[in-house]
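J.: Sequence:
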Amino acid sequence: MMSRYEVSRQQDSTQPGSDGEVLRNRLAIVNRRDMDAAELELLHKLYLFVLRDHLPTGPLTVRLIRDWHRRWLGNLYDWAGHERSVNMSKDGFPFAAADRIPDLLRVFERDVLFRHTPCHGMDRQDLIFAVARTHVEFILIHPFREGNGRISRLLADVMASQAGMGPLDYGAWEMNRARYILAIQAGMTGNYTPMCACVAQVLP
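Just so you know, we're using this note's numbering here: the sequence shown kicks off at 295 and counts up by one.
The hints are all genuine.
Pair ranges (Cβ atoms, derived):
{"no.": "1", "residue 1": "Asp-405", "residue 2": "Asp-372", "range": "29 to 35 Å"}
{"no.": "2", "residue 1": "Leu-321", "residue 2": "Gly-352", "range": "32 to 38 Å"}
{"no.": "3", "residue 1": "Gly-415", "residue 2": "Gly-314", "range": "46 to 52 Å"}
{"no.": "4", "residue 1": "Arg-320", "residue 2": "Gln-419", "range": "42 to 48 Å"}
{"no.": "5", "residue 1": "Arg-418", "residue 2": "Leu-321", "range": "39 to 45 Å"}
{"no.": "6", "residue 1": "Phe-387", "residue 2": "Asn-325", "range": "24 to 30 Å"}
Here are the computed lysine to any residue pairs in the SDA-like style, where the Cα-Cα straight-line distance is at most 20 Å:
{"no.": "7", "residue 1": "Lys-384", "residue 2": "Val-316"}
{"no.": "8", "residue 1": "Lys-339", "residue 2": "Arg-444"}
{"no.": "9", "residue 1": "Lys-384", "residue 2": "Arg-471"}
Don't read these hints as lab results, they were simulated from the structure.
Positions of the beta carbon are idealized from the N, C-alpha and C atoms, including for glycine.
Please put together the full structure from these sequences, using the hints given.
T.: Put into structure tokens, the structure is as follows:
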């Protein structure tokens, strides 16, 4: 088991020979395109494992989400399944500070996951709100060094599948990325209405 210090060093380092473009990995991949392809192939296998073979029937948990992340990226990164130990931002938007993640995940599990899952028997509007709130809060925490967006989508797909309405079609989010980002930012103040509109757009 890696210590916190080992995890921190590994999460903050890039693969030699990659010009800083690829995180240090077990396969010594140095090309961003090759890494994207490897992550996509493994993500497909994770989706089959979760949605086809092991769809959760009970409440979702942080431990389960960690297990998904480890199963997906464990062959690539030593820190897969571990909470990130480095601070991160994207497009000038800061995510939760790394040292706050354990406490934030405990609150997320108690107040969001245990409240909104399992989703069996939910009507469409209740499901939209449940997915929207869960998605926003998970993205704002951004618990992992890599793959938060894709794990958050799997989480939404599992919730929708529990309700018999999933998985979602995320094409509209890709086409209007600015609207999606604004919806995430609105969620910082507890306003989930914009994200509800985004979820309604991609829910079958």
